Structures are given as structure tokens and as C-alpha cells.
Amino acid sequence: MQKSLLIDPGKCTGCRQCEMACSHEKEGVFNPAKSRIRVFDFHTEAKFVPYTCTQCAQAWCMTSCPVEAITVDLATGAKVVNDNTCVGCKVCTIACPFGTVNYVADTGKVAKCDLCGGDPACAKACPTAAIVYIDADQTGFEKMKLWAAKTATGSAATA
Amino acid sequence: MSWTGKVLRVNLTAGTCKSEPLNREWTRQYLGQRGLATKYLAEEIDPKCDPLGPDNKLIMTTGPLTGTMASTAGRYSVVTKSPLTGCVACSNSGGHFGNEMKNAGWDMIIFEGRSPTPVYLYVENDKAELRDASGYWGKSVWDTDAGLKTAHQDPLLRVAAIGVAGEKGVLFAGVVNDLHRAAGRSGVGTVMGSKNLKAVAIRGTKGVKVADFAAFMKAVNDGKAVLAANAVTGQGLPAYGTQVLMNVINETGALPTHNFRDVQFDGAADISAEAMVAPRKTDGKPNLVTNQACFACTIACGRVSQMDRGHYTVANRPEYWAASGGLEYEAAWALGAATGVNDLEALTFANFLCNEHAIDPISLGATIAAAMELYEMGVITTAHTGGLEIPFGSAEALTTLTELTCKGEGFGAEIGLGSRRLTEKYGHPELSMTVKSQEFPAYDPRGVQGMGLTYATSNRGACHLRSYTVSSEILGIPEKTDPLTHEGKAGLVKAFQDATAAVDSAGICVFTTFAWTLEHIAPQIAAATGEAHTPASLLEIGERIWNLERRFNLAAGMTAADDTLPKRLLKDAAKTGPAKGMVVPLDKMLPEYYQLRGWTTDGIPTNETCERLAL
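Sequences listed follow chains H and U, in order.
Each residue of the first sequence is one higher than the one before, starting from 1 at the first, in this note's numbering.
Each residue of the second sequence is one higher than the one before, starting from 1001 at the first, in this note's numbering.
A few of these clues could be false.
To be verified - Here are the simulated EDC-like pairs of lysine to aspartate or glutamate, each with C-alpha atoms no more than 20 Å apart in a straight line:
id, chain 1, residue 1, chain 2, residue 2
1, U, Lys1206, H, Glu142
2, U, Lys1224, H, Asp119
3, U, Lys1149, H, Glu45
4, U, Lys1218, H, Glu25
5, U, Lys1206, H, Glu25
6, U, Lys1149, H, Asp41
7, U, Lys1209, H, Glu27
8, U, Lys1127, H, Glu25
9, U, Lys1209, H, Glu25
10, H, Lys47, U, Glu1319
11, U, Lys1285, H, Asp106
12, H, Lys26, U, Asp1212
13, U, Lys1206, H, Asp106
14, H, Lys11, H, Glu142
15, H, Lys124, U, Asp1222
16, U, Lys1218, H, Asp119
These aren't lab readings, by the way, just hints derived from the structure by calculation.
Source: prediction; values computed, not measured.
My request is simple: use the sequences and hints to build the entire structure.
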């Protein structure tokens, strides 16, 4: 079963535990600036939104890479950057519509979420379950359940 | 290890920024943050110096856990000599500024001297420079924050700034970072203003390491699990914030009302956590929009509120319609119960202003309450207030005086003196509800007896955060004690003071201690620093810090006579509630406390105590 990250901004408190878990896992340091998942703070609207790579099935980053440095991890479906191949041309950063692959000046390569090989550190660190790692074919399940509950109580029709 | 090993020394007189190594011997003796910066301050300034003169220094400091993944590890403190109290000041703040400082590669920033013109400090990792702030002088914290982000084209800049109140010498001006997190108490922002330092803007991308990542992650995850499973840190605080206390403390008969004339407030329910989440009668929306976490915090007690757009304070001011930092318990008490105002929206607006202009809502509300009492006595009249009527319970008086104080204008300049100086000016010093010239927070010590000793002996003047015995006396954490007896409170207060001094020096939030003991904290510090910290070693460090602060204050001119409470609390019995008929029997607690501390009967640490603590 393939899994996917599911992010619910409504549950996010803006604590950045995910950013630190990511930077620790990937860079061996606590450094939000190096995290591949980022929390955006829309403070006047009181919204905190974690955002990272959605692992597109037909990934623009992957297809645009001139040296085929981005490949699919068949176990997880993650689009993974091979540091040995990446030449730091940044074409993928332009191709990605979501901005979730970024150049790292320190290494001269790009970096993106690779789902930590199937055990994403961000989801484990999140204290409010705003980030969960679940069955990729059932990401709507919790939302369906909420609506199902309303249907059961007869309120959905008038919602 | 989790120290960067670097201190940034900024000489404002000369306009220089220099890097120097962190004193690692002192980090072992004083841990970090509160303890460490107090050690630097005590070594570097004359305790008798003018707090608003160039000889005072102002230190922004992180702890060993700041910037790590430990829950709540985003704290920093501002340490200086207080212009309000004349004592050592240490005001602690969350948000993201402390983490950014550590990520930029600095454990501590020491400001000395006084700049000839307004400046701000800009730090981008190793690069640090003073820049002209004349364009920001006279502006609010919020405008300064936005202006600096635009000027540097960097929305990720973290800014700590003062408002106009700090520039103009309001004695309880604070430093606000991340728009609504405050190093609020004791006038640390006033010191910043006296140095012509408007703001510190930091961008840090270097990261923070710890000594033993494997051991650290285990300790961090264990700690996070404990916070999540605890009813206070896992449920109460995220849902209701500290405001969960309003009704509880009122029922306990310990909610100081009308400048401590009363201990219960009729309007408590109107300004409580429950009121904040209930739909408003006016627009059907709740005051509270969401909770918010500071950096790394898995509790998330912060309040984010949105005003009723039709409320008289903001009806024609759309700049206050956006969501912003909402009421915490202390602010709601000071702006509300202390003044007798039960208009939640007026309190929220006043709180917004305190954040926008960086003043301490506790001292503000308490000082307004004293002014209101003097007004009711006919001592202060509309001739003094510029025509404004200021009886207890007037929301308009509260919001108008808040606006004036934020700008240091009109009668607001007198409120800006703080309660002790204001009541003295009008000939009634007995009405100042202060210790060492700092206003009380939100617990009447007649109903929570341990807090009487807490206030009287606090090293920064009246304060709940130096030993929050409410935790034991009301909430039963770590174990329940009777709030209506003074017996055993000397030992309780000392234990809380020592443990809290260690927590405040670690880079984490004191609210963790609703769930954590030092048993949970020590392994996190040990793994971060690579030093063998245990609960016992942390308590010893805490005791050392407490005595260091005490000795600073004694050298600054404080004496045992200052370890006291206003007559109202010592002589006038509580009129209602469970504590009805009670006063604070301070004379029964203080000698025992001195003895437990290893101090003389005059409250001076004995040579033996100083030697035992290697002071």
C-alpha cells in the first residue's frame, strides 16, 4: 500500500516541530531554514499552513531534469533527488508549480521531500496530527467521515 | 553541544559590534539565559548605576535548549537593571526571536553604552551591524516590524522592538517580538529606549546542534509525550489558554478586584476563557479565533483573537480588525478585574495596544486601577486627567488611558510612572499594590497564601513567575497544598524559586512544569550540552542563581525592609469567598524562609551559603 502525507492546516498551531524534525533527519541539525516542509504563518488571518511536496504522479521536477537526477522511489512513490547526479541547474525549481523543490546554496544541489524513505519525520513530530502519513488512496477518508456523521444526524441536507 | 559559543557585544556609544567567546565556565555554573545573563550583568555593571543611564547594560540571551527541538525551546530573556524596581530585571519571551538568534550563531547579545542617535541592530548570521533607525523612531512595534521586513526584503526576519512608550520613558515598557510575544515586565523596553535602540532584527540560517542527538531525541520525545498526556498542558492550555484560570481563581476568592479592595469580581465570567470562545451577542462570532504555538511548543496556549468590528474602540479603525494576540489570564485580570471592567472587547483592544506599543499590561492595568481608586476618593480629578472620568468599571477610561500611556501623552505619562510613583505623587503610597515598585499579578495572596511570600521575596518585584505556588495551592501540581494556610509555604516557595530559576535558564517555557519535573528536563539539557545535569544539579544551579540575583539587589540598595507587602494585604481582611477574614501573615513565613535560604535575619546570604554555592 502506498502512503501519502496528508496535511490539515486547521489543526496546525505553527510550532515548527515538523521543520526541526525534517532538518534533523535530513541535515543532522535543528534548522528550520533547511527544512523541506515549511509552515506558513498568515497571522492576520490566524492561519498556519504546513506545506511540502505532494509527490506528483507526473512530476514536473522529474520530467524537466536534464540529467535525470530525480527518480521515483518505487517503495514510497516519492520523487527523490540523487545528489551525485544533480548539477544544481535549478530547472526543477522553475518547473515545480508549487515551489517545493529548492536550491541549497551550501551544497550546490536541490533538495526536496523524499518521504524519509517511508517514515516521514515531520508526521511523527507533529503534536496535533496536522500532518499524518496515511493510505494514499484514502486521503479523503476523514473528511468523508465528518460528512457521513452529518448525514447520519440528518443535518447534511441543510448544511 | 547546543551553544554556538559566541557572544555578540554591541557598544552603542561607539557603534561597534564585536564577537567574543561565551564564558563556558559560567554556563556550567549558571546554565544559560536568566542565570547566565544575570552573571554577566552582575560582573559588568555597578548595581547602583542609573538604570536609564549609559552605564547600565541590556542583555538578550538564549538558553542551552533554545533553538532545539525540545518542546517550548524558543525562549529568550532580556536581562538588565530595571528602571521600575531598581532590581535586576529578567523578562522572558517566546515566539520565534530566541530561536532565530541561536540559529544566527549567537548565544547572547550584550548592549552597552548609549547610541547618540536612534539605531537598530541588524543580524544576518555572522554579520551584525547597527543601522539608522530614525525612520522608525516614533513608530509602533507593528509598524517597525513591517517596515524592517520591507526594507530588508526579507519576510522571514524576526524582529524584537520597542514602541513609543519605551522611547518616552514609560517605566513598564517592554520588548515585543513576533508582533505579540513580550519580554513584558520590569521596564526592559524602557532601558532599550534609553539606549536609543529601537529594534533588533535577526535572520539566522546556521542551525543548532546538540551534543548527543540520539539521547536528545529520546529525551525530547519522552518529554513531548508527557506534555500531551497531561490534562493541563495537553488539554486545558491549548483549548482555553491561561485564561482557564479566570473563573477558577475567582471562585477561590483570590481574584484581586478594584485595586485589591475585593478578592472576587462580579464580571469574572464575562472576561473568562469561556466568554472568549462563546459567540458574541453582537456579531455571533467568538472573540477567540484559534490557539497558537510559540517556536517548538507542543502545548500551544497562545491566544489569537479578532475584535467585534462594531465595538466602539475599533468601529472606525479597520487596522484593528485583523486577528492578533489575544488575552492571556494576567492581562485579562489586570485590564479587567483590577479595574472592574467586564467588557471583553475593550480588554482585547487594550491588549492589542499593549502588544502594538510594547507595554506591560499587568503594570498598566494595576496602575490604572490605583488611579481609579484615587479618582473615586476625589484625589485625582478630571482636572488631572484632561477631562476624562475614570471610575472603576469604565471601559472607556481603560481604553483611553491605555492609548495615552502607549504614547506617553497627557495623563498617560503619569500612568506610565507605575503605581508606586503615581500613588506617592498623589500622597497615598499605601494604595500602591506593588512590591519593590512592581505591580502585583493576578492572584490575591490572602486567598493563596504562598503567593504572599512569593511576592514579598521575588527578586524582580511582585511577580507570579518566580515561584508559582498557585500550581500547588490551587491546581495540586506537583502536589496539593492548602491555599489558606501559611504553614509549610516557606519551603514550598524556596523549592519553586530554585526550580523555576533553573527552568528560566534552560531556554524552555515555565508552563512545561505543569507536566514536567526536573526529572524530565535534566536529560534534555544533559543531551543538548553534553554535561551531566541531574535534577539535583539543576536545583543547585537554581539556588545559586537566586542568591546571585539577591546579592545584586542588595548591592543595588535593597534591604530586608523591601521584602514586604502593602498594608492592605497585611491588615485588611478579604471580604468574601473562601479566604474571607484572612490577611497575609507574612511575619510568620519570612523568618523561616530566610533561615531555609541560609540568610541572616536581615535577609543577607551568609558567607557559608555563598561558599556552599560557589558565589
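Checked hints:
1. A C-alpha spacing of about 38 Å is found between lysine 1206 (chain U) and glutamate 142 (chain H), which places the hinted pair above 20 Å, so the restraint is violated.
2. With a C-alpha separation of about 19 Å, the suggested pairing of lysine 1224 (chain U) with aspartate 119 (chain H) holds against the 20 Å cut-off.
3. In summary, the hint linking lysine 1149 (chain U) to glutamate 45 (chain H) is supported, as the alpha carbons are separated by about 19 Å, within the 20 Å threshold.
4. About 14 Å separates the Cα atoms of lysine 1218 (chain U) and glutamate 25 (chain H), which keeps this hinted pair within 20 Å; it holds.
5. A C-alpha spacing of about 16 Å is found between lysine 1206 (chain U) and glutamate 25 (chain H), which places the hinted pair at or below 20 Å, so the restraint holds.
6. Restraint check for lysine 1149 (chain U) and aspartate 41 (chain H): the C-alpha separation of about 15 Å stays at or below 20 Å, so the hint holds.
7. For the hint pairing lysine 1209 (chain U) with glutamate 27 (chain H), the CA-to-CA distance comes to about 10 Å; that is within 20 Å, so the pair holds.
8. A C-alpha spacing of about 28 Å is found between lysine 1127 (chain U) and glutamate 25 (chain H), which places the hinted pair above 20 Å, so the restraint is violated.
9. Taken as a hint, the lysine 1209 (chain U) and glutamate 25 (chain H) pair is honoured in the structure, with Cα atoms around 12 Å apart against an allowance of 20 Å.
10. Between lysine 47 (chain H) and glutamate 1319 (chain U) the alpha-carbon distance is near 18 Å, which keeps this suggested pair within the 20 Å criterion.
11. Straight-line distance between C-alpha atoms of lysine 1285 (chain U) and aspartate 106 (chain H) comes to about 48 Å, which puts the hinted pair past the 20 Å bound.
12. For the hint linking lysine 26 (chain H) to aspartate 1212 (chain U), the alpha-carbon distance of about 16 Å falls within 20 Å, and the restraint holds.
13. Distance hint between lysine 1206 (chain U) and aspartate 106 (chain H) is fulfilled; the C-alpha atoms sit about 11 Å from each other, no more than 20 Å.
14. With a C-alpha separation of about 13 Å, the suggested pairing of lysine 11 (chain H) with glutamate 142 (chain H) holds against the 20 Å cut-off.
15. Our distance criterion of 20 Å between C-alpha atoms is met by lysine 124 (chain H) and aspartate 1222 (chain U), whose separation comes to about 13 Å.
16. Pair hint lysine 1218 (chain U) plus aspartate 119 (chain H) holds up; C-alpha atoms about 17 Å apart against a cutoff of 20 Å.
Taken one by one, the earlier hints fail for this structure at numbers 1, 8 and 11, listed in ascending order.
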